[in-house]
Structures are given as structure tokens and as C-alpha cells.
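Asks: Take a look at the letters that make up each chain.
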Amino acid sequence: MSVSFLISQAKNIQIVIDENAAEIEALDQNIGDGDHIFNVQRGLKLVVELENDIKNLPLQKGLNMIAMKVLSGIGGSSGALFGTFFMSMAKTPDLDKNIDFNKACEMVITGINAMKERGKADVGEKTMMDVLIPVSEKLNELKSSNANMKEGLSEIIKIAEDRMLSTKDMLATKGRASFLGERAKGHIDPGARSSQLIIDTICKSLINK
Amino acid sequence: MKKFINNVDDFLKESLNGFGKAHNDIIKVNFEPNFISRKTKTKEGKVSLISGGGSGHEPMHGGFVGHGMLDAACPGFVFSAPTPDQMQAAAEHVDSGAGVLFIVKNYSGDIMNFQMGAEMYSGKNDSIITNDDVAVEDSTFTTGRRGVAATVLVEKIVGSLAENGGSLEECKKLGEKVNKNSGTMGVAFTSCTVPAAGKPTFDIGNDEMEFGVGIHGEPGRKREKIQPSKIIVNNMLEAIIDDLKPQKNEKTLLFVNGMGGTPLTELYLVYDNACEILKSKGIEITRSLVGNYCTSLEMQGASITLLKCDEKILKNWDAPVHTAAMRWGM
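Listed in order, the protein sequences are those of chains A and B. Numbering (the working numbering) for the first sequence: 3 to 211. Numbering (the working numbering) for the second sequence: 37 to 366.
Hints are supplied without guarantee of correctness; some may be wrong.
As a list, the in silico EDC-like pairs of lysine to aspartate or glutamate whose alpha-carbon atoms are at most 20 angstroms apart [claimed, not checked]:
| hint | chain 1 | residue 1 | chain 2 | residue 2 |
| --- | --- | --- | --- | --- |
| 1 | A | K122 | B | E155 |
| 2 | A | K47 | B | D46 |
| 3 | A | K71 | B | E155 |
A few chain A residues that face chain B, going by a derived Cβ cut-off under 8 angstroms, partial list only [claimed, not checked]:
| hint | residue |
| --- | --- |
| 4 | E27 |
| 5 | D37 |
| 6 | L73 |
| 7 | S74 |
| 8 | G77 |
| 9 | A82 |
| 10 | R185 |
Since the hints were derived computationally from the structure, they do not count as laboratory data. Glycine residues also receive a C-beta, built at the ideal position from the N, C-alpha and C atoms.
Here chain A stands alone, though its shape is the one from the complex:
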């Protein structure tokens, strides 16, 4: 993993999110207030625009600059959560050495744990954490085994999709949707959908490499 890897992933994600923007916006308008997609799009644009400033930086510095950009440029829950994600990834030890698959897993796990802490949300609360926590758990499993990386990534794609779909029938207990009670049922959580698309995009690009 390197800064240029992160930027190229951001560009891939940007395309996928733009393609699915109308769907995510509609999900948010059903159970939230409709700002999620704009926040995600704004964040991706800001990260992609950072390319020239950070492409030659060491990973830790690059991650910190992405974190500050995301934190100060997005707003809403997404800004705080994704900012926390990058800031914590940057704190993973030994980032100056070669980043292999295990190290990359460790970074993502650290980042997701910090998001969980910041949002005080767990699995089953109809948020993006319903997708991210199981993905993090699977990464932890892959990291300590010698499993085939591509097979592992395919499993992660499946987990993310299943968990995203599982938010449909949940009652929300965190975020704006929690104010709706029973009325939130029957709608997929927009944060879970955008997170699943991000994971799907990254995993597919790694599998096809």
C-alpha cells in the first residue's frame, strides 16, 4: 500500500459512487435527511484533488493529510467517521517499512475500530458499521492465516453485500434514522450501501490486479 495506491482507489471509488449516487440519495431521503451522498462525493473529490500534494509523500504523512482534508472538508457524520478512519490508519506502527497484505489488513482493522469507538455504534444498529465491523473481523481472520488472498477478498465482497442487505429489516438505533422507529424498517441504510460499494470496488481491483 502506498499513497498512489490510495489515490487510484479513490478515483475508482469515485466512479462507482457517482454511478450509484441517485440510489444512495433516495435511500437517505427515505430514512435520513439526504446529505450522505453529497458528503461522500465531496470527500472523494477532495481526496482525488490532493493527488499532486501528496503523491510523493511517505504513507503516514499522506494518510494524515487525507485525514485532515476529510475531517475539515466533509462535515456530517461521514466526515467525522472517515476522518477518524484515516487518522487512525496513520497511527498503525511501522508504516515506513514495506506494507504487505497483512500490514494493510492491520491498518484497515485499526481504522474501523476507531470508527466504532467514535460513532459508538455496533453491529445491528442500521449504520455503515453493520458492513464495516464484519469486514474488519474477516480481515483479522485472513491476516493471521495463510489463506489465499484473492479467495479471502471474494469472501469479503460477499460479507459486505450480505451485511448491507441485512440493514433493510433492522430498526435503527443510531443516527438520524433512529428517530423513525418502525418507519425505518424496509429501507437499506445509505451509509451501509456506500461502505459496501467502497469495499466492493477496492476488493475487485485487488482481485483483478
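Dock chain B against chain A, hints included.
Replies: Below, chain B without anything else, positioned relative to chain A:
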């Protein structure tokens, strides 16, 4: 979408620019990071009050910066929480050494960003969270109730205490009491349109209303057919009274707040209906506030807030205030 707008990306900047120019006798708008502060420096020993939240609720919060109310306000994008660097910069700008009290409405995004801002700020600080919306059930299993129009009352009353030398602890305590003594219920007739979205947040029929709507157009308790004002107001007050349980002859402040698209003529009609109903229930109204204070862009609708008042609350409510949106006694 019909709005006064040039370019979606410049919407907030141009609006803040105008606000700064129109009220340059009392406030100053700082850009990157965005915050509105008083024109004068915080006097030594005075606790600083900072609030903020997504834009689109004007005059909340920028319109409440000034003598007797807030020291700074941090506006986010329309309906999106502001970012931690805004709160940090605002705190560094206004704190005179007596500490900062952050006033935060209960939404996940606001809570997280204010928390991070507070962690990044090295000075003494504390926070209060407003959650006056009785439309939403409160339980330990949910984020809890939404913070809505009573935030205005909290900012006014705590602002007065801070102006008169209240300590950080005293300000926090009074703020929490005002919040706890308040209940709000909102109703919407139409949706609002977030500029970046370009289309209404929700669909609603010509003869329908959303009972218990949130200030971002979030759905409320139920969708109903529109009814005569007296019935709507009665249902709103019943929801509040159920929750607040005011004693007979208890003194209250009655606050009728417009959502942005309902004329004052109607808000006063609502006030009249509310007075009659409260009178019949033996609840005494000793103070009033009617107008557009905590809005949802161009949404048609109104909220009613009832605040149970003691002498301390009344004294601080009556104290002089001079902000863009609220001014009396000076």
C-alpha cells in the same frame, strides 16, 4: 428548484458573506475554517458559548451571536454538521480563559464533530446536548430525541448567565435545566429543498401534513390529513404536555417557531390557539416568543415549544440581548 442561487458550491459562502456585511456592527464572519464571532473580544472571566450545526436553520445559530447570547457559531454545509477544525478555531478565537461551553443539538454528526473539536481544543471546555423534540421516543436503545427549537431558548438563557459572570459549571447546569424543562413538537405542510439535492427532501400530498417532523425534513410520528389549526395545535400541545407534565398554574414560556415558509400571520394564529388551549388546561403563559428562529429552509410548518420557567430562568430570559435575530433591553 426555485431559489436565489448562483452556484451550488458558492451558496453557503455568499450567504455568510451577506450575513457578515448586514450585521458588521456586532459580528464578524471568519472563513476557512468558517465561524461567526462577536466583533468584540470576550471580556476577561466570561465563559464563552459556542454553538453550531448544519446551515439551513437560519437565524440559528449565527443570528444568535452577540451580547447576551453566543460568542461564536460554526455553520456546516446545509443540513450537515460542521467540522472539528471550525469548533477548534472558534474556541481559540473567543476563549478569554474562563472556558468554553459548546451547545450541541442531539444528532450523531453534530455530536461526533463537536467531540473531536473539543478534543482538539486545549483549553477548558464542556458541552451540553439539547434534545427537546417530544416527537421522538427516548430510550437507552436509541440516539435519543432530536435537538430542535428549544436550543434557541437554551442559548438565550445560558447566554445571559455567562454574560453576568456565571461559571462554566453554572452555565452547563442551567443549560441542562432549560433543556430538560422544554418540550417541542413540529408539524410540516411542505418539504424543503436542499440546494445540493435540487429537489424536495420528501413528497407530501396537498392535503397532508407530517406530524412530528424534524428540522431537516426527517419524517415524524405520522402522516395525516391536514386539519383545522385548533386541532393540530391541540395535538401538538398534548404531545408536549404528556412529556413535560407541567403542574397546574406552573409558569411557562410559549414559543411558536416558524419552519421558514409559513407567514407570521399564521404563526400568531397558532399562538392564539395555543393560548386558549393552555388556558383551558390551567397552564400559565408568562413569556412568549413568536417567529422564525429555528427553520428548515423553505419548509411550511411550525413547531411549538413549551418551557417550564422558574425565577432564575425568567430573569435570564428577560436580560438584555443584542444579536442579529433577537434584540431587547439594549
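Asks: Would the pair A/K122 and B/E155 pass a check requiring their Cα atoms to be no farther apart than 20 angstroms?
Replies: holds, 16 angstroms
Asks: Against the 20 angstroms threshold, does the CA-CA distance of A/K71 and B/E155 hold or violate the hint?
Replies: holds, 18 angstroms
Asks: Taking the least C-beta to C-beta distance, is A/D37 closer than 8 angstroms to chain B?
Replies: Given a least distance of 5 angstroms, the restraint on A/D37 holds.
Asks: Taking the closest Cβ pair, is A/S74 under 8 angstroms from chain B?
Replies: Hint on A/S74: holds, closest Cβ of chain B at ~4 angstroms, below 8 angstroms.
Asks: Given a cut of 8 angstroms on the nearest C-beta pair, is the interface hint for A/L73 held or broken against chain B?
Replies: Holds: closest Cβ of chain B sits about 6 angstroms from A/L73, inside 8 angstroms.
Asks: Once the shortest beta carbon distance from A/E27 to chain B is found, is it less than 8 angstroms?
Replies: holds, 7 angstroms
Asks: Are the Cα atoms of A/K47 and B/D46 separated by 20 angstroms or less?
Replies: holds, 16 angstroms
Asks: With a cut-off of 8 angstroms on the beta carbons, see whether A/A82 makes it to chain B.
Replies: holds, 4 angstroms
Asks: Does A/G77 meet its interface restraint, that is, does its C-beta lie within less than 8 angstroms of any C-beta in chain B?
Replies: holds, 4 angstroms
Asks: Tell me if A/R185 is really an interface residue toward chain B, meaning its C-beta lies closer than 8 angstroms to one of theirs.
Replies: OK, holds: A/R185 within 8 angstroms of chain B, min 6 angstroms.
The structure meets every hint from the earlier list without exception.
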